[in-house]
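One-letter residues, chain by chain:
Number of protein chains: 2
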Amino acid sequence: MAHLPFITDFNQYLPHLSVDCVVFGFQENGLKVLLLKMKHHELWALPGGFVGRQETVEAAATRVLQERTGLGKIFLQQFHVFSDPHRSEGNAVTEGEPAAIAWFAQRFITIGFYALVPFDKVIPQPDLISDACTWWDVSDVGPLLVDHHLILKKALEALRLQLHYQPVGLNLLPPKFTMPQLQKLYETVLGRTLDRRNFQRRMLDFGILERLEERKTGVAHKAPYYYRFDRQRYQQALEEGLEKSQ
Amino acid sequence: MAHLPFITDFNQYLPHLSVDCVVFGFQENGLKVLLLKMKHHELWALPGGFVGRQETVEAAATRVLQERTGLGKIFLQQFHVFSDPHRSEGNAVTEGEPAAIAWFAQRFITIGFYALVPFDKVIPQPDLISDACTWWDVSDVGPLLVDHHLILKKALEALRLQLHYQPVGLNLLPPKFTMPQLQKLYETVLGRTLDRRNFQRRMLDFGILERLEERKTGVAHKAPYYYRFDRQRYQQALEEGLEKSQ
DNA sequence: ACAAAAGTGTTTTTAGTACACCCATGT
DNA sequence: ACATGGGTGTACTAAAAACACTTTTGT
Numbered sequence: 001m002a003h004l005p006f007i008t009d010f011n012q013y014l015p016h017l018s019v020d021c022v023v024f025g026f027q028e029n030g031l032k033v034l035l036l037k038m039k040h041h042e043l044w045a046l047p048g049g050f051v052g053r054q055e056t057v058e059a060a061a062t063r064v065l066q067e068r069t070g071l072g073k074i075f076l077q078q079f080h081v082f083s084d085p086h087r088s089e090g091n092a093v094t095e096g097e098p099a100a101i102a103w104f105a106q107r108f109i110t111i112g113f114y115a116l117v118p119f120d121k122v123i124p125q126p127d128l129i130s131d132a133c134t135w136w137d138v139s140d141v142g143p144l145l146v147d148h149h150l151i152l153k154k155a156l157e158a159l160r161l162q163l164h165y166q167p168v169g170l171n172l173l174p175p176k177f178t179m180p181q182l183q184k185l186y187e188t189v190l191g192r193t194l195d196r197r198n199f200q201r202r203m204l205d206f207g208i209l210e211r212l213e214e215r216k217t218g219v220a221h222k223a224p225y226y227y228r229f230d231r232q233r234y235q236q237a238l239e240e241g242l243e244k245s246q
Numbered sequence: 001m002a003h004l005p006f007i008t009d010f011n012q013y014l015p016h017l018s019v020d021c022v023v024f025g026f027q028e029n030g031l032k033v034l035l036l037k038m039k040h041h042e043l044w045a046l047p048g049g050f051v052g053r054q055e056t057v058e059a060a061a062t063r064v065l066q067e068r069t070g071l072g073k074i075f076l077q078q079f080h081v082f083s084d085p086h087r088s089e090g091n092a093v094t095e096g097e098p099a100a101i102a103w104f105a106q107r108f109i110t111i112g113f114y115a116l117v118p119f120d121k122v123i124p125q126p127d128l129i130s131d132a133c134t135w136w137d138v139s140d141v142g143p144l145l146v147d148h149h150l151i152l153k154k155a156l157e158a159l160r161l162q163l164h165y166q167p168v169g170l171n172l173l174p175p176k177f178t179m180p181q182l183q184k185l186y187e188t189v190l191g192r193t194l195d196r197r198n199f200q201r202r203m204l205d206f207g208i209l210e211r212l213e214e215r216k217t218g219v220a221h222k223a224p225y226y227y228r229f230d231r232q233r234y235q236q237a238l239e240e241g242l243e244k245s246q
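Chains as they are written, first to last, in my numbering: chain A, 1 to 246; chain B, 1 to 246.
Where hints are given, some of them may not hold.
Pairs of lysine-lysine residues, derived as DSSO-like cross-links and limited to a Cα-Cα distance of at most 27 Å, are as follows [to be verified]:
| # | chain 1 | residue 1 | chain 2 | residue 2 |
| --- | --- | --- | --- | --- |
| 1 | B | 39 | B | 121 |
| 2 | B | 154 | A | 153 |
| 3 | A | 154 | A | 39 |
| 4 | B | 154 | A | 244 |
| 5 | A | 121 | A | 153 |
| 6 | A | 37 | A | 176 |
| 7 | A | 153 | A | 39 |
| 8 | A | 73 | A | 154 |
| 9 | B | 244 | A | 154 |
| 10 | B | 73 | B | 121 |
| 11 | A | 222 | A | 176 |
| 12 | A | 154 | A | 216 |
| 13 | B | 39 | A | 154 |
| 14 | A | 73 | A | 153 |
| 15 | B | 154 | B | 216 |
| 16 | A | 73 | A | 37 |
| 17 | B | 176 | B | 121 |
| 18 | A | 244 | B | 216 |
| 19 | B | 154 | A | 154 |
| 20 | A | 176 | A | 73 |
| 21 | B | 176 | B | 73 |
| 22 | B | 37 | B | 73 |
| 23 | A | 73 | B | 37 |
| 24 | B | 216 | A | 154 |
According to the in silico footprint, chain A covers these stretches of chain B (three or more CB under 8 Å from chain A) [unchecked claim]:
| # | region |
| --- | --- |
| 25 | 12-24 |
| 26 | 54-62 |
| 27 | 101-112 |
Treat the hints as calculated values from the structure; they're not laboratory data.
The model shown is predicted, which means the values in this text are computed figures rather than measured ones.
Glycine residues also receive a C-beta, built at the ideal position from the N, C-alpha and C atoms.
Put together the whole structure using the sequences plus the hints.
Below, the structure is given as C-alpha cells:
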C-alpha cells in the first residue's frame, strides 16, 4: 500500500484550519474548474492546503494555488467558511505515516476561496496527496470529496454575484481578446445568453475597455476587433464597483 | 489586580480560532452597535468568543450572541475572515491565570459575523472579560480593541450591500411598524435620505409587507398605518433576492 | 454568391427619480 | 386655524431590453 506523503512538519500549520480553492478558468467551450484526483480514491477534490502559523489565509490560498498552477499573481476572493463538524465524515485517511493520519483525522474548518486564472497559462501540478490535476468543465463535474461540491456551488454563486457589480475577465482572458469572447465568458458564468449589441454597449460604457486597431486574423467571417482592459480603470472598478463612465 | 476569568476548560475550544460579532440594533435616533468594555482596558470591543470542538462557527456566534443579548433566534451573517497574523498585536493579556494568559496570547484568526437584532428586546450582558455591555451609536464609536474597527467597517459595508438585494428589517424592527420607521432604518443604514413616496412604492412592490387596519395612535399629526412583514415572503426574498411581485 | 459572424443604431419598455396635493391630528 | 407629518398619484428621465440592417470573410 502506498503511503501518504511526508509533509515536513505538520506543526508549521495551524490545526483544524484549511483553505480550499475553486479555481476558475475559461475556454471557448466553457467554464473550467481545476480539480485534483486523490490518491487511493475514486473522488476528485478541490485544491486546498493549510495555513501557516504566521500566514494570512489569503497568503495560504495564494501559496497553494501557485503550487498547483505555476502562476504568480492570482485573483483571489474569500467567499465562505465551511464549518459543519461532520463535513469530512466518511473520508478519513487511513494510510500513511501516523503523524499524517492524525493530522488528516482532525476536524477542519475550511475557508473557501475562488480564483480566476488564465486557463492556458496554467501548468497543472498535482500535490502530494493527489496523482492528477486537471481542468474539468464546470457542468461535467461529478461527485467530489467530502463537501467540495457544496463549496463549488457556493463559489459559482459568489462569482455570479461579482459579475453584477465588479469587472470580471482580466484574470480569465488573454491580454487581448474579442468582444464575442468576453460575452461568451459572461454567458458561461451566468448560464444564459445575452444580447450581443446590448452587451457590447454596456461593457464599453463601463469605460474599462480599450479597442485596439488590430483585428483577429485567420478567422472565418468578419474579423472582430481585439480589446484589452485598461488596467488602471479595471482596478478602480474592482474597488469602487462598476459605473457607467460620465 | 483582578484576574482573568476562569473559563472552565479552554481545551473545549478550537485553538487559534474565534468569532467576532457586529450586532446591529435600530432606534429612532440611529443605528446602534453592541460593544463590550474590556476589563483593565480603556478600549471597547466587539462581542466575540471561541468555537467549540464540535460546533459550527454559526453556532458559536449564535451562542455568543445569546449570552450577550438574551435573545433566542438571531439573524446572523458571516461576512469576512480576518487573519492578519499581527491583528491583535499590542493587546496581549498579561494578567490572570497562566492558562488564560496562554490562551489569549495565541494568534487568532477570527470570523466576522454581523447580526441584526430588535434593539429593545436586548438585555445586554457583559461577558467574563468585560465589565460593561452597551449600545453605541454607530457614528459615535471610538477606537476599538485590536482590529475591531476594521471589522465594524466591513460589517457595515456588508449590511449596506445586503440592503440592495435582500430584505432587511424583520430583525431590526418591532413586529408592527410604520412606513416612516422602515424608511428611517434604510436611511440610517445607507447614510442618505430617500424620497418618501418612491420608497413606499418600492417596498410595497416587493410584496413582503402587509398593511394592517390599525394605525399608530397618540401621535401628533396624521396617524401612519402599521405594517408587518409577511414571514413567508420575507424568507423567500432572503433566499431568492428581492424582486418586484408580478 | 452565399452562409456565418461581427459591426452598428433605433425603438420600445421598464425602472427610477422628481415632484404636488390632500388629509388627519395635536397644539 | 395652522403647522406638521402622512397618504396618494402623475409626469419626467434614464437605463435596459428588443430588434434589423449592413459589412466582412472563407468557402
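Comparing the hints with the structure gives:
For the given pair, residue 39/B sits about 26 Å from residue 121/B by alpha-carbon distance, which is consistent with the 27 Å threshold. Under the criterion of a C-alpha separation no larger than 27 Å, the hint pairing residue 154/B with residue 153/A is consistent with the structure, at around 24 Å. A threshold of 27 Å between alpha carbons decides the hint, and for residue 154/A with residue 39/A the separation of about 26 Å falls inside it, so the pair holds. Between residue 154/B and residue 244/A the CA atoms are separated by roughly 25 Å; this keeps the pair inside 27 Å, and the hint holds.
For the hint pairing residue 121/A with residue 153/A, the CA-to-CA distance comes to about 25 Å; that is within 27 Å, so the pair holds. Between residue 37/A and residue 176/A, the direct Cα distance comes to roughly 33 Å. Violation of the 27 Å bound is thereby established for this hinted pair. Our distance criterion of 27 Å between C-alpha atoms is met by residue 153/A and residue 39/A, whose separation comes to about 24 Å. Note on residue 73/A and residue 154/A: the hinted pairing holds, with a Cα-Cα distance of about 23 Å set against a maximum of 27 Å.
Taking the CA atoms of residue 244/B and residue 154/A, the gap is near 25 Å; set against the 27 Å cutoff, the hint holds. Pair hint residue 73/B plus residue 121/B holds up; C-alpha atoms about 12 Å apart against a cutoff of 27 Å. For a cut-off of 27 Å, the pair hint linking residue 222/A to residue 176/A stands: about 18 Å separates their Cα positions. Straight-line distance between C-alpha atoms of residue 154/A and residue 216/A comes to about 36 Å, which puts the hinted pair past the 27 Å bound.
For the proposed pair residue 39/B and residue 154/A, the alpha carbon gap of about 40 Å is over 27 Å, so the pair is violated. Distance check on the hinted pair: residue 73/A and residue 153/A sit about 24 Å apart at the alpha-carbon level, within 27 Å; holds. Taking the CA atoms of residue 154/B and residue 216/B, the gap is near 36 Å; set against the 27 Å cutoff, the hint is violated. With a CA separation close to 25 Å, the supplied pair residue 73/A and residue 37/A stays within the 27 Å bound.
Proposed proximity of residue 176/B and residue 121/B is supported: the alpha carbons are some 14 Å apart, at most 27 Å. Restraint check: the Cα-Cα separation between residue 244/A and residue 216/B comes to about 43 Å, which exceeds 27 Å; the hinted pair is violated. Under the criterion of a C-alpha separation no larger than 27 Å, the hint pairing residue 154/B with residue 154/A is consistent with the structure, at around 21 Å. For the hint linking residue 176/A to residue 73/A, the alpha-carbon distance of about 18 Å falls within 27 Å, and the restraint holds.
Under the criterion of a C-alpha separation no larger than 27 Å, the hint pairing residue 176/B with residue 73/B is consistent with the structure, at around 18 Å. In summary, the hint linking residue 37/B to residue 73/B is supported, as the alpha carbons are separated by about 25 Å, within the 27 Å threshold. Taken as a hint, the residue 73/A and residue 37/B pair is broken in the structure, with Cα atoms around 42 Å apart against an allowance of 27 Å. Between residue 216/B and residue 154/A the alpha-carbon distance is near 43 Å, which puts this suggested pair outside the 27 Å criterion.
Here's how the region 12-24 of chain B fares: 4 of its residues keep a CB closer than 8 Å to some CB of chain A, so the rule of at least three is met and the hint holds. Chain A is given as covering the region 54-62 of chain B, and this holds because 5 residues of the stretch bring a CB closer than 8 Å to a CB of that chain, at least three being needed. Only when three residues or more bring their CB closer than 8 Å to a CB of chain A does the claim for the region 101-112 of chain B stand; here the count is 3, and the claim holds.
Checked against the numbered hints listed earlier, the structure breaks hints 6, 12, 13, 15, 18, 23, 24; every other hint is satisfied.
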